[in-house]
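Numbering (this note's numbering), first residue to last: 26 to 271.
Calculated directly from the structure, the hints in this document are not laboratory data.
Be aware that one or more of the hints could be misleading.
Restricting the straight-line Cα-Cα distance to at most 30 Å, the calculated cross-link-like pairs of lysine-lysine (DSS-like) are [unchecked claim]:
hint : residue 1 : residue 2
1    : Lys67     : Lys150
2    : Lys230    : Lys67
3    : Lys150    : Lys129
4    : Lys157    : Lys129
Simulated DEER-style distance windows between Cβ atoms [claimed, not checked]:
hint : residue 1 : residue 2 : range
5    : Pro45     : Glu241    : 21 to 29 Å
6    : Glu61     : Asp210    : 37 to 45 Å
7    : Glu64     : Asn170    : 20 to 28 Å
8    : Asp117    : Ala259    : 14 to 22 Å
9    : Gln90     : Asn262    : 47 to 55 Å
10   : Glu120    : His228    : 35 to 43 Å
11   : Ser76     : Phe172    : 32 to 40 Å
12   : Ser76     : Asp218    : 41 to 49 Å
13   : Asp191    : Asp123    : 39 to 47 Å
14   : Asn242    : Pro63     : 27 to 35 Å
15   : Asn41     : Ile224    : 35 to 43 Å
16   : Thr99     : Tyr256    : 36 to 44 Å
17   : Asn242    : Glu120    : 32 to 40 Å
Even glycine gets a Cβ: it sits at the ideal position worked out from N, Cα and C.
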Amino acid sequence: MGIDVDSLRLLIETRNRFGPLGDVLQLGRQGLYILESPEVDKWIREADLGSGLAEAIGPFAFADQQLLPRLGATSIVSVDASAYEGADIVHDFNEPIDAVLHGKFDTVIDFGSTEHIFNVAQSWKNLLLLPKVGGRLIACVPANNWFGHGFYQFSAELAFRVLVPDNGYRLHAVYYGALDGSPLDVVEDSGADGVRGEIGLTHRKASLLYIAERIENVVPFNRRWPQQGDYAAAWRNSSSREDQNA
(Lines of atoms letter the chains of each structure in order from A and count residues from 1; the text may use other names and numbers.)
(Lines give C-alpha, C1' and ligand atoms only; values in the text may rest on other atoms or scores of the structure.)
Protein backbone atom coordinates (compact mmCIF):
# COMPACT_ATOMS: atom_id res chain seq x y z
CA MET A 1 0.00 0.00 0.00
CA GLY A 2 1.61 3.21 -1.05
CA ILE A 3 2.11 6.10 -3.40
CA ASP A 4 4.38 5.79 -6.42
CA VAL A 5 4.91 8.19 -9.32
CA ASP A 6 1.68 7.13 -11.08
CA SER A 7 -0.57 7.36 -8.04
CA LEU A 8 0.99 10.74 -7.19
CA ARG A 9 -0.17 12.00 -10.58
CA LEU A 10 -3.60 10.52 -9.97
CA LEU A 11 -3.88 12.38 -6.67
CA ILE A 12 -2.87 15.64 -8.33
CA GLU A 13 -5.33 15.08 -11.17
CA THR A 14 -8.13 14.33 -8.70
CA ARG A 15 -7.39 17.55 -6.79
CA ASN A 16 -7.25 19.52 -10.04
CA ARG A 17 -10.55 18.09 -11.31
CA PHE A 18 -12.59 18.19 -8.11
CA GLY A 19 -10.82 20.50 -5.71
CA PRO A 20 -9.34 19.67 -2.28
CA LEU A 21 -9.44 16.03 -1.24
CA GLY A 22 -11.57 16.85 1.82
CA ASP A 23 -12.47 13.98 4.16
CA VAL A 24 -10.27 11.08 3.06
CA LEU A 25 -10.42 7.35 3.69
CA GLN A 26 -7.38 5.32 2.69
CA LEU A 27 -7.18 1.54 2.50
CA GLY A 28 -4.10 1.03 4.62
CA ARG A 29 -1.74 3.85 5.49
CA GLN A 30 -0.08 5.02 2.31
CA GLY A 31 3.67 4.64 2.37
CA LEU A 32 5.78 6.84 0.11
CA TYR A 33 7.60 5.11 -2.76
CA ILE A 34 8.24 8.06 -5.05
CA LEU A 35 11.75 8.31 -6.47
CA GLU A 36 13.22 11.79 -6.73
CA SER A 37 13.68 13.15 -10.24
CA PRO A 38 13.53 16.52 -12.01
CA GLU A 39 10.20 15.44 -13.56
CA VAL A 40 8.64 14.64 -10.19
CA ASP A 41 9.88 17.95 -8.75
CA LYS A 42 8.26 19.70 -11.72
CA TRP A 43 4.89 18.03 -11.03
CA ILE A 44 5.15 19.05 -7.39
CA ARG A 45 5.87 22.69 -8.26
CA GLU A 46 3.13 22.85 -10.89
CA ALA A 47 0.65 21.43 -8.38
CA ASP A 48 1.73 24.06 -5.83
CA LEU A 49 2.70 21.37 -3.30
CA GLY A 50 6.19 22.71 -2.63
CA SER A 51 9.49 23.41 -4.31
CA GLY A 52 10.05 19.71 -4.93
CA LEU A 53 9.38 16.22 -3.64
CA ALA A 54 11.40 16.64 -0.42
CA GLU A 55 9.31 19.61 0.66
CA ALA A 56 6.01 18.02 -0.39
CA ILE A 57 6.43 14.83 1.63
CA GLY A 58 8.68 16.07 4.45
CA PRO A 59 10.68 13.66 6.63
CA PHE A 60 7.73 11.32 6.99
CA ALA A 61 7.06 7.66 6.16
CA PHE A 62 3.35 8.03 5.33
CA ALA A 63 1.42 10.32 2.99
CA ASP A 64 -1.15 11.21 5.65
CA GLN A 65 1.52 13.07 7.63
CA GLN A 66 2.12 15.83 5.07
CA LEU A 67 1.44 15.03 1.39
CA LEU A 68 -2.32 14.40 1.62
CA PRO A 69 -2.95 17.51 3.77
CA ARG A 70 -1.09 19.56 1.14
CA LEU A 71 -3.57 18.18 -1.41
CA GLY A 72 -6.44 19.48 0.69
CA ALA A 73 -7.24 16.54 2.94
CA THR A 74 -9.05 17.97 5.97
CA SER A 75 -9.36 14.63 7.79
CA ILE A 76 -7.74 11.28 7.03
CA VAL A 77 -8.93 7.87 8.21
CA SER A 78 -7.08 4.65 7.42
CA VAL A 79 -8.66 1.18 7.38
CA ASP A 80 -6.63 -2.03 7.47
CA ALA A 81 -7.07 -5.67 8.43
CA SER A 82 -4.35 -5.23 11.06
CA ALA A 83 -3.20 -2.45 13.36
CA TYR A 84 0.47 -3.09 12.54
CA GLU A 85 0.92 0.24 10.70
CA GLY A 86 -1.30 2.28 12.98
CA ALA A 87 -4.59 2.13 11.07
CA ASP A 88 -7.43 4.12 12.61
CA ILE A 89 -9.98 1.36 11.94
CA VAL A 90 -9.14 -2.34 11.97
CA HIS A 91 -11.48 -4.12 9.57
CA ASP A 92 -11.08 -7.04 7.17
CA PHE A 93 -12.48 -5.95 3.78
CA ASN A 94 -13.47 -9.56 3.11
CA GLU A 95 -16.42 -8.69 5.36
CA PRO A 96 -19.05 -5.93 5.06
CA ILE A 97 -17.90 -2.54 6.28
CA ASP A 98 -19.79 -0.92 9.16
CA ALA A 99 -22.76 1.08 7.84
CA VAL A 100 -21.71 4.05 10.00
CA LEU A 101 -18.95 4.67 7.42
CA HIS A 102 -21.25 4.61 4.37
CA GLY A 103 -21.28 7.87 2.45
CA LYS A 104 -18.91 9.67 4.81
CA PHE A 105 -15.91 10.55 2.63
CA ASP A 106 -15.02 12.99 -0.14
CA THR A 107 -12.12 10.86 -1.39
CA VAL A 108 -11.53 7.12 -1.00
CA ILE A 109 -8.08 5.83 -1.94
CA ASP A 110 -7.12 2.30 -2.98
CA PHE A 111 -3.44 2.40 -3.86
CA GLY A 112 -2.55 -1.27 -3.74
CA SER A 113 -4.97 -2.96 -1.35
CA THR A 114 -7.80 -4.73 -3.17
CA GLU A 115 -5.46 -7.12 -4.99
CA HIS A 116 -4.63 -8.58 -1.56
CA ILE A 117 -8.28 -9.15 -0.56
CA PHE A 118 -9.67 -12.55 -1.52
CA ASN A 119 -13.38 -11.64 -1.48
CA VAL A 120 -13.33 -9.34 -4.51
CA ALA A 121 -17.07 -8.65 -4.73
CA GLN A 122 -17.35 -7.72 -1.06
CA SER A 123 -14.24 -5.54 -1.14
CA TRP A 124 -15.60 -3.62 -4.13
CA LYS A 125 -19.00 -3.25 -2.49
CA ASN A 126 -17.31 -1.82 0.59
CA LEU A 127 -15.33 0.62 -1.56
CA LEU A 128 -18.38 1.81 -3.47
CA LEU A 129 -20.37 2.46 -0.29
CA LEU A 130 -17.78 4.71 1.37
CA PRO A 131 -17.80 7.96 -0.69
CA LYS A 132 -20.42 10.66 -0.32
CA VAL A 133 -22.58 11.43 -3.34
CA GLY A 134 -20.26 13.76 -5.23
CA GLY A 135 -17.24 12.08 -3.64
CA ARG A 136 -14.52 10.23 -5.50
CA LEU A 137 -13.09 6.73 -5.55
CA ILE A 138 -9.55 6.60 -6.92
CA ALA A 139 -7.25 3.62 -7.36
CA CYS A 140 -3.86 2.49 -8.58
CA VAL A 141 -3.67 -1.32 -8.53
CA PRO A 142 -1.64 -4.03 -10.32
CA ALA A 143 -2.66 -4.75 -13.89
CA ASN A 144 0.08 -6.83 -15.52
CA ASN A 145 3.46 -8.47 -14.79
CA TRP A 146 2.89 -8.43 -11.02
CA PHE A 147 2.57 -12.24 -10.78
CA GLY A 148 2.71 -13.31 -7.13
CA HIS A 149 2.31 -9.80 -5.71
CA GLY A 150 -1.24 -10.44 -4.49
CA PHE A 151 -4.23 -12.63 -5.23
CA TYR A 152 -5.15 -10.71 -8.39
CA GLN A 153 -4.12 -8.44 -11.24
CA PHE A 154 -6.93 -6.21 -12.52
CA SER A 155 -8.16 -5.36 -16.00
CA ALA A 156 -9.72 -2.05 -17.01
CA GLU A 157 -12.77 -4.10 -17.94
CA LEU A 158 -13.51 -4.48 -14.22
CA ALA A 159 -13.57 -0.71 -13.70
CA PHE A 160 -15.70 -0.16 -16.81
CA ARG A 161 -18.32 -2.70 -15.73
CA VAL A 162 -18.45 -1.93 -11.99
CA LEU A 163 -18.21 1.87 -11.92
CA VAL A 164 -21.50 2.49 -13.74
CA PRO A 165 -24.72 4.41 -12.98
CA ASP A 166 -26.50 1.20 -11.91
CA ASN A 167 -24.01 1.11 -9.03
CA GLY A 168 -24.22 4.85 -8.46
CA TYR A 169 -20.98 5.82 -10.25
CA ARG A 170 -19.57 7.75 -13.20
CA LEU A 171 -16.06 7.04 -14.45
CA HIS A 172 -13.98 10.12 -15.23
CA ALA A 173 -10.68 8.52 -16.24
CA VAL A 174 -9.08 5.10 -16.71
CA TYR A 175 -5.36 4.67 -17.33
CA TYR A 176 -2.59 2.11 -17.56
CA GLY A 177 0.69 3.22 -16.02
CA ALA A 178 4.21 1.82 -16.28
CA LEU A 179 5.55 3.01 -12.89
CA ASP A 180 8.47 4.78 -14.54
CA GLY A 181 7.25 8.35 -14.88
CA SER A 182 6.25 7.93 -18.53
CA PRO A 183 2.86 9.35 -19.62
CA LEU A 184 -0.18 7.43 -18.47
CA ASP A 185 -1.99 5.60 -21.27
CA VAL A 186 -5.69 6.44 -21.54
CA VAL A 187 -7.88 3.32 -21.79
CA GLU A 188 -11.16 3.58 -23.71
CA ASP A 189 -14.17 1.35 -23.11
CA SER A 190 -14.42 -0.81 -26.23
CA GLY A 191 -16.26 -3.63 -24.45
CA ALA A 192 -19.54 -1.72 -24.53
CA ASP A 193 -19.25 -1.80 -28.35
CA GLY A 194 -18.66 -5.54 -28.40
CA VAL A 195 -14.87 -5.40 -28.79
CA ARG A 196 -12.74 -6.98 -26.10
CA GLY A 197 -10.27 -4.40 -24.83
CA GLU A 198 -7.21 -6.63 -24.59
CA ILE A 199 -3.82 -4.99 -24.19
CA GLY A 200 -1.90 -8.25 -23.84
CA LEU A 201 1.80 -8.36 -23.00
CA THR A 202 3.46 -5.33 -21.48
CA HIS A 203 7.22 -4.90 -21.41
CA ARG A 204 7.25 -3.91 -17.73
CA LYS A 205 4.95 -3.89 -14.73
CA ALA A 206 1.72 -2.06 -15.44
CA SER A 207 -0.87 -0.55 -13.12
CA LEU A 208 -4.55 0.15 -13.58
CA LEU A 209 -5.58 3.64 -12.44
CA TYR A 210 -9.03 5.18 -12.34
CA ILE A 211 -11.01 8.13 -11.02
CA ALA A 212 -14.72 7.62 -10.41
CA GLU A 213 -17.40 9.85 -8.89
CA ARG A 214 -20.35 8.67 -6.81
CA ILE A 215 -23.44 10.18 -8.41
CA GLU A 216 -26.27 8.38 -6.60
CA ASN A 217 -26.80 6.73 -3.24
CA VAL A 218 -27.64 3.20 -4.36
CA VAL A 219 -26.59 -0.20 -3.05
CA PRO A 220 -23.89 -1.58 -5.39
CA PHE A 221 -24.74 -4.79 -7.29
CA ASN A 222 -28.33 -4.63 -6.00
CA ARG A 223 -29.75 -4.37 -9.52
CA ARG A 224 -27.49 -6.86 -11.30
CA TRP A 225 -24.01 -8.37 -11.22
CA PRO A 226 -21.48 -6.94 -13.72
CA GLN A 227 -21.06 -8.83 -16.98
CA GLN A 228 -18.11 -8.47 -19.31
CA GLY A 229 -18.85 -5.87 -21.96
CA ASP A 230 -18.22 -7.84 -25.15
CA TYR A 231 -20.38 -10.73 -23.91
CA ALA A 232 -23.20 -8.38 -22.89
CA ALA A 233 -23.05 -6.73 -26.34
CA ALA A 234 -23.17 -10.14 -28.07
CA TRP A 235 -26.17 -11.18 -25.99
CA ARG A 236 -27.98 -7.91 -26.81
CA ASN A 237 -27.31 -8.31 -30.52
CA SER A 238 -28.49 -11.92 -30.44
CA SER A 239 -31.72 -10.96 -28.68
CA SER A 240 -32.26 -8.14 -31.17
CA ARG A 241 -31.90 -10.54 -34.13
CA GLU A 242 -34.30 -12.99 -32.52
CA ASP A 243 -36.87 -10.22 -32.01
CA GLN A 244 -36.54 -9.18 -35.66
CA ASN A 245 -37.03 -12.77 -36.81
CA ALA A 246 -39.99 -13.43 -34.56
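> Given a hinted range of 37 to 45 Å, is it respected by the beta-carbon distance of Glu61 and Asp210?
Replying inline: 24 Å Cβ-Cβ, so the 37 to 45 Å window is violated.
>> Check whether the Cα positions of Lys67 and Lys150 lie no farther apart than 30 Å.
In response: violated, 37 Å
>> Lys150 and Lys129 were given as a pair; does the straight-line alpha-carbon distance stay at or below 30 Å?
In response: holds, 15 Å
> Is the gap between the beta carbons of Asn242 and Pro63 within 27 to 35 Å?
Replying inline: violated, 44 Å
>> 36 to 44 Å was suggested as the range; check whether the CB atoms of Thr99 and Tyr256 agree with it.
In response: holds, 43 Å
>> If I claimed the Cβ atoms of Asn41 and Ile224 lie 35 to 43 Å apart, would that claim hold in this structure?
In response: violated, 26 Å
> Falls inside 41 to 49 Å, the C-beta gap from Ser76 to Asp218?
Replying inline: Cβ of Ser76 to Cβ of Asp218: about 46 Å, so the range 41 to 49 Å holds.
> Glu64 and Asn170, beta-carbon distance inside 20 to 28 Å?
Replying inline: holds, 23 Å
> Does the hinted range 39 to 47 Å hold for Asp191 and Asp123 at CB?
Replying inline: violated, 24 Å
> Is it true that the CA of Lys230 sits at most 30 Å from the CA of Lys67?
Replying inline: holds, 24 Å
>> Taking 14 to 22 Å as the stated bounds, is the beta-carbon spacing between Asp117 and Ala259 within them?
In response: The hint (14 to 22 Å, Cβ to Cβ) is violated, given that Asp117 and Ala259 are roughly 37 Å apart.
> Within 21 to 29 Å or not, the Cβ separation of Pro45 and Glu241?
Replying inline: With a Cβ separation near 23 Å, Pro45 and Glu241 satisfy 21 to 29 Å, so the hint holds.
Consistency with the previously given hints fails for numbers 1, 6, 8, 13, 14, 15, 17, ordered from lowest to highest.
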